[in-house]
Amino acid sequence: MSATDPRAELVSLLPRLRRFAFGLTGDAHVADDLVQAGCLKAIERWHQWQPDTSLASWMFRILQTTWVDDYRSRQRQQTEADSDALEAIAGEDGRRVVEARSDARMVRRVIGELPEEQRVVLMMITVDGLSYKETAAALGVPMGTVMSRLARARARLADAIGGAPDGAR
Amino acid sequence: MNIDDDTLIAYLDAQLEDDAAYETVEDALAASPALRARLQVLAETGELARQAFDAKLEEAVPPQLIAAIMSAPLPGAEEGARTATPAADAGLARAPARPADAAAAQPASGRPALTPSSAGSRPGATRPSTPGLGARLAAWLGGGFGAAAAFASVVTLALGALIGHYLLPPTELAAPLARVGDPIRDPALAMALQAAPSGVVLDAGGQRLEIRASFPAREGGFCREYTLGSTSGAGGGQQIGIACRTPADDANWQLAFSAGGEGDPNGYGTASDRLHEAADAFLGENVDGAPLDAERERALITRGWNAD
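As you go down the protein sequences, you meet chains A and B in turn. Residue numbers 1 to 169, in the working numbering, belong to the letters of the first sequence in order. Residue numbers 170 to 477, in the working numbering, belong to the letters of the second sequence in order.
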C-alpha cells in the first residue's frame with residue numbers, strides 16, 4: 001500500500017480522526033466540522049508532513065490547533081448558557097460512580113472535564129494507541145511532559161470511574 | 170521499591186525503556202498487593218476510556234465528509250487552492266464532458282505529480298512490542314477483572330495500538346478487476362465510486378483512477394464511468410470501467426462493463442479509441458442520456474446514491 005494521494009490517505013484515517021475530534025470537542029457535529037476543516041488544511045500544507053512520521057499524529061495536532069484557534073471560543077460562547085444544567089448533572093455523585101462503569105457517556109463526560117492538554121494526550125495514547133514518542137513529537141513537548149499529563153489524566157479517570165470501594169474484589 | 174503511576178502506566182502501555190525496566194516493575198508488583206490493585210484499576214479504566222469511543226470508530230463516516238475531502242483541490246493544482254474551505258465550491262464545478270479520446274483522459278498539465286511516493290509501510294501507530302507482556306500482565310490482573318478479560322484488554326493495549334484500530338488500506342487500485350456482474354470489492358475503488366465527484370483523479374499504488382462521469386441507469390439506479398491507468402502516464406494498460414448500482418438503498422456498486430488493461434479478453438489492447446467506443450456503446454444501451462451535472466451528482470453523493 002503506497003497511496004500517494006493526500007485525499008485518499010486522509011479518508012482512510014477518517015474513523016480515527018473523527019474519534020479523536022469527538023473526544024476533543026465532546027460534540028459529534030462540531031467534531032465532523034473540525035475534521036473537515038482540519039483535513040482541508042492538511043491537504044493545503046501536505047508538503048509539511050514528513051512521510052517517515054505518523055500521519056495520524058500530525059493530523060491530531062492539526063485538529064487540536066484548529067480547534068483552539070478557530071472553534072473553541074465560538075463553542076464556549078454557545079455552551080456557557082448550558083453550564084447550569086451541567087452542574088446539576090454533576091451533582092448526582094452517589095449513583096454516578098456505579099453507573100459510570102457501564103455507561104460510555106459517563107466515561108466521556110469525565111474525559112470531557114479533563115483539562116484540554118490532558119484530554120488530548122489521553123485521546124492520543126490511551127484511546128488511539130500512539131506511542132509516547134509520537135505523541136511528544138506531534139505536540140512538540142518533551143516526553144516527560146507527555147507522561148505527566150497522561151498520568152494526571154489516568155489518575156483522574158481512575159478516581160472517577162475506577163470504583164475504589166470495591167477495587168479489592 | 171517505589172513505582173509511581175507514570176511508570177505503571179508506561180508498563181501498561183508497553184512504553185518502558187527496556188527489559189530491565191519491566192523486570193523492576195514486575196518485581197515490585199510481586200511484592201505489593203496495593204500496586205497490583207492500582208495496576209488493575211488503571212488497566213480497567215483505560216479499557217473503559219477506549220470502549221467509550223469504540224462506537225465512533227465503527228460508525229459509518231458521513232459521505233458528505235468523504236466527498237468534501239475527495240473534492241478538495243490539491244495544492245498548486247488550480248488557483249484558488251489556498252482559499253479552499255467549504256467543500257461546496259471546492260472541486261465540484263468541473264463535471265467533465267466525456268472526452269472522446271484518450272489523450273484528454275491523461276491528466277496532463279493541470280494535475281500535480283502529487284507527493285513523492287513514500288515508503289510503503291507506514292503503520293499508523295507503532296509501539297515496541299514487548300514479548301509476552303500480555304501473558305505476564307494477565308498474571309497480575311486477577312480478581313474481579315478476570316484473567317481472560319484482563320488478557321483480552323492487554324491484547325488490545327498492545328496489539329490494538331500496533332495494528333491500529335482501523336485499517337482501510339487504500340489498496341492498490343490495480344486490484345485485479347472483478348468480472349462483469351461482480352460487486353466492486355476493492356475498497357479504494359468502492360469508496361471513490363461512492364464518494365468522489367466526477368473529475369477527481371486519485372493516485373494510489375502506482376495507479377491512477379479517475380471517475381469520469383455519472384449517469385442515470387435506464388433500469389433505475391446509477392452508473393459511473395472511470396478509467397484506471399498507470400501514474401507514469403505510459404499509455405499501455407489503461408482500463409475503462411463502468412460500475413452501476415441499483416436503486417435499492419443498500420445496493421453495492423457492481424462492475425457492469427470493463428475493457429482494456431492487461432489481459433483484456435476482448436483484445437482492445439491499448440487502442441484507446443476502440444476502448445472508448447466500446448464504453449460509449451455500452452452507455453448508449455444502458456444509461457439514460459447525458460451525464461449528471463455537478464449539482465445533481467453532489468446531491469446524490471450526499472445521500473449515498475439513494476434516490477430522493
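Fair warning: there could be bad hints in the mix.
[Said to hold, decoys possible] In silico EDC-like pairs for lysine to aspartate or glutamate, Cα to Cα no more than 20 Å straight-line: (1) 133(A) with 449(B); (2) 225(B) with 103(A); (3) 225(B) with 69(A); (4) 133(A) with 103(A); (5) 133(A) with 188(B).
If you're looking for bench data, these hints aren't it; they were derived computationally from the structure.
| Numbers of the earlier hints that this structure fails to satisfy, in rising order | 1, 3, 4
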